[in-house]
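Peer 1: Letter by letter, the chains look like this.
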Amino acid sequence: MPILEVQNLTKKFGGLTATQEVSMTVEKSSITAVIGPNGAGKTTFFNMITGIYQPTSGIILLENEKINGLKPHDVSKAGISRTFQNIRLFNQMSVLENVLVGMHTHLKAGLLGILFNLPVIRKEEKEAEMHAYHLLDYVGLADLLNEKATNLSYGAQRRLEIARALAANPKVLLLDEPAAGMNPKETKDLTELIHRMRQEFNLTVILIEHDMKLVMEISEHIVVLDHGVKIAEGKPEDIRNNPKVIEAYLGSGAVQAG
Amino acid sequence: MLNEIIQTIPQVLIDGLTLGTVYAVIALGYTMVYGILELINFAHGEIFMTGAFIGTTLLLLFTGIGWISALPAIVMLLTVLIITAVLTGLLGMGIERLAYRPLRHAPRLIPLITAIGISFVLQDIVRFIAELSKGSYIVTGPNLFTNQLLLKTSSISSIFNDASIKASFVIVLVTAVVMMIGLDIFVNRTKWGMAMRAVAQDRETASLMTVNVNKVIAITFFIGSALGGATGVLFAVQYGTIDPYIGFILGLKAFTAAVLGGIGNIRGAMLGGLLLGVLEMFASANLTLLTGGVFGAEYKDVFAFAILITVLLFKPEGLLGKPATEKV
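Protein sequence lines, in the order shown, are assigned to chains R and S. When the letters of the first sequence are read in order and numbered with my numbering, they come out as residues 47 to 304. When the letters of the second sequence are read in order and numbered with my numbering, they come out as residues -10 to 317.
Same shape as in the complex, but just chain R (with noise of 0.2 angstroms):
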């Protein structure tokens, strides 16, 4: 069963394409892997299906919904949720702090009851702490809780991103370049993460990568842009031997490797 479906989709900036007509179909509890040379439109992709750009035109369907022309917090919301490839973090605030903002849909405490001391908001409150502990415990940042975001190292500040993503409870979880800048021990670390992620909370995740071992070792779907157009798209192992794909992208050296 297909989550998330996108058809056509053109985004132009000025008399730059970005991207043009990209379709592509997401079934649900996969892992996708959108791949293609620097400025092949796939930041841009991202951004349109988040709701930071309106795509020119096309449609973005998450479960049969229409979510292109919502704002971004409304995007989140319905169910997608993001990191970024150069970590955007609210640096200043605690690790907990951070995967606290992303539960804001689900937090209900006002002033009032902040105030009065409700019991009800207090009971909220503690739960909301100990569901962002579970998942900075699961990506394994738990002894970290008050440190400051921007003192974290690289590799815990990527996991935090995920952990924060999580905490809004997403149904498609959108990683761009996750594994940049990782040692191999990390990237390995991340692949699992990845898979037990996908099947603990039932995720779809999309990711864009740069990583070719780790994109064939962990996608079950490819899909290639390339200059804005989508030039291939398949299993790995399609893609691996797609001579268009090569031309664009892998070069022949990658193939022989591979």
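Note that these hints are calculated values from the structure, not bench results. You may find that some hints are simply not true.
A few chain R residues facing chain S, derived, Cβ under 7 angstroms [as the list claims (entries may be wrong)]:
| # | residue |
| --- | --- |
| 1 | Ser122 |
| 2 | Gly148 |
| 3 | Thr151 |
Even for Gly, the Cβ is constructed at its ideal location relative to N, Cα and C.
Position chain S against the provided structure of chain R, taking the given hints into account.
Peer 2: Showing chain S alone in chain R's frame:
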């Protein structure tokens, strides 16, 4: 000379802290809006002034229908404070919606000019209404609190003089402190406070984390303006006479306080306000003495601003501000 200065310290502290809390609460409005939009909302001083007029009008109205003699003055003041806070809060929210939101993506200078324009508009509207209904734009409110308390600070140590407190001072001080504590709890403990901090750091990312940015900005304007308007009422009660131009200089000083504490930093604004108030009162009490009569108390502002410039020379980000790092 030192002895004489020390003698005045209790009175300087009392007057300075009272004035300082007024600065501090108004400074909060500047700093909250700046933190989120990087906009210096120059209309904020006029929101304060509008609050003073709404409050005085309500007090005169209540006196007219005889409530003042029937109710304790403090209950009356609280009622007026709450009504005024809600009205000025809505005013601030409306200004944001009509005048600033359409300019959200314009270059920063443009909303700034708009803010200055709005402060003129508010001044003239208030002046027009006041003249129309009272015949004069200078308005004097009813005198609610006339009691004087004498603090026997001389009994603590003979180097101090006694200090006197008007009852309204205590009320201003307590109300302002309660408002500041309330805001601090709001920002640090509630989900909207947390959302506010998140939006201040990265608006786009916050919106992707289910935070409704427009709502956060509207709440920020509501709270900042409600606090500013309520402080206007306190000011009117404290000093008795108001006119449509009180917002200008007070707003300027509160803005200074916000910069002194580190603009965008809420606790910084509180600290900056208190500091500026005390410095100003200190100068007003002792400047004649310190300069051998060359400068009188009327130079208190020069003294306070000279301190500000000195602080900013050595710590441009303000006392509690963080050095800005260039985004790359």
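Peer 1: Does each hint fit the structure? Answer for all of them.
Peer 2: Comparing the hints with the structure gives:
1. Annotation: serine 122 of chain R was flagged as interfacial toward chain S, and the flag holds, the nearest CB pair being 4 angstroms apart, inside 7 angstroms.
2. About 5 angstroms separates the beta-carbon of glycine 148 of chain R from the nearest beta-carbon of chain S, less than 7 angstroms, and the hint is met.
3. Annotation: interface hint on threonine 151 of chain R holds; nearest CB of chain S at approximately 4 angstroms, less than 7 angstroms.
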